[in-house]
Amino acid sequence: MPPPRKRGKGLRHRLAELRGPETQAKALDARALAALAANPGCRRRAILDGAGVDKAALAGALGSPSVFGQSQFAFVRGNAFEAKVKADGGTELLRLAHEKLDRGAEPPAGARVPDLTAQGPEGRTARTELALREAAESPGDWTLLDHPMLALDVAGSLAFLEPDAVVVHPDGSWTVVEIKSFPMLDGAADPAKVGGAARQAAVYVLALERVAERLDPPPRVRHRVLLVCPKDFSNLPTASAVDVRKQRAVTARQLARLTRIEEIADTLPEGVCFSPELPAEQLEQAVESVPATYAPECLSACELAFHCRDRSRAAGAVTSLGRPVRAELGGLTTVGDVLAAARGEAGDPDDPAVAALRRAAALRAEALASAAEGTREAAEGTREVAPCR
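Counting in my numbering, the sequence shown runs from 411 upward without gaps.
I should point out that these hints are in silico values taken from the structure, not numbers from a laboratory. There is no bait here: all hints are sound.
Ranges between beta-carbon positions, derived for each pair:
hint, residue 1, residue 2, range
1, 595, 486, 17 to 27 Å
2, 486, 519, 25 to 35 Å
3, 516, 698, 58 to 68 Å
4, 763, 680, 36 to 46 Å
5, 737, 681, 31 to 41 Å
6, 782, 758, 24 to 34 Å
Using N, Cα and C, we set each Cβ at its ideal position, and we do this for glycine too.
Whenever a hint applies, use it, and build me the whole structure from the sequences.
Okay, here's the thing in structure tokens:
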């Protein structure tokens, strides 16, 4: 086995080596963070995201192209709807924020929309924090931050996040705004899509809380975010207040459990690289040098899911059947182990999982035998009946 990577190099330099010296880092966004938090045990995704590797290009180079992502048509439609919502200084957006979240405040009129332009993500993050600080120091007015930039430390690597908007209320509190192009029909949207938006917004809430902690006194970051969508089948905006306290708590707990990026990088073989430009065989060896934790939920959240699923199935891992199944099977980690335990060829009889498998196998054999006996008797009865002429 190749020796582990030597310590001493800076983390940023090591991550640049992992993605390839000529490859631009792919930014880690809130959608990726939400997916990463949903599967914190996957060291493969953690190091690839931390290094800024383009997982879609990597999956294609491995021969398992991803279908995960947004279509170009949906992307253009979403941008057009967002522009409509934010037109005229965000008048309609602020009206919806007042209506859904803060009816007791004065209606927004002549709200401030600070310029957040700056050089690079670090500059934009600093400019956003300055704008939030200025808004907190002058309460009584509405302020709209259009595409602010926030930073969040994730396993030792800094992620720059860009929510659609942040609203500062007259009382100084902050609200995250998510603008989506899926419709709200009769006041309700697809629960699965709303759940995805809530998990994404929870990441922004966490990042905003880090900014608030640096202010004195710290402003309140609201845990009810504003979800703005098209109304019914029109292009008119409507909104709903979505409570993300549960998603925020889960995301914070899972992100805290992530192994730090430098710890994973230090265990990798010297010279390993995940550049999609490498030969397929060398690239596959590099990817397989980092353990993955595949589950069927990865198919809707990770570009490498098809590749990891194939490897999981080839290894007979029970994780490919889903986390609930894996949890029920205890120490039985492969399909072969499960079948051997069910047949009584292996496993501790006192293990509850093994006992349940053997009981299930006995019931299955009994049911099949009973069905076969019924089929045989039915066939014999048919032969004894003389055909009608």
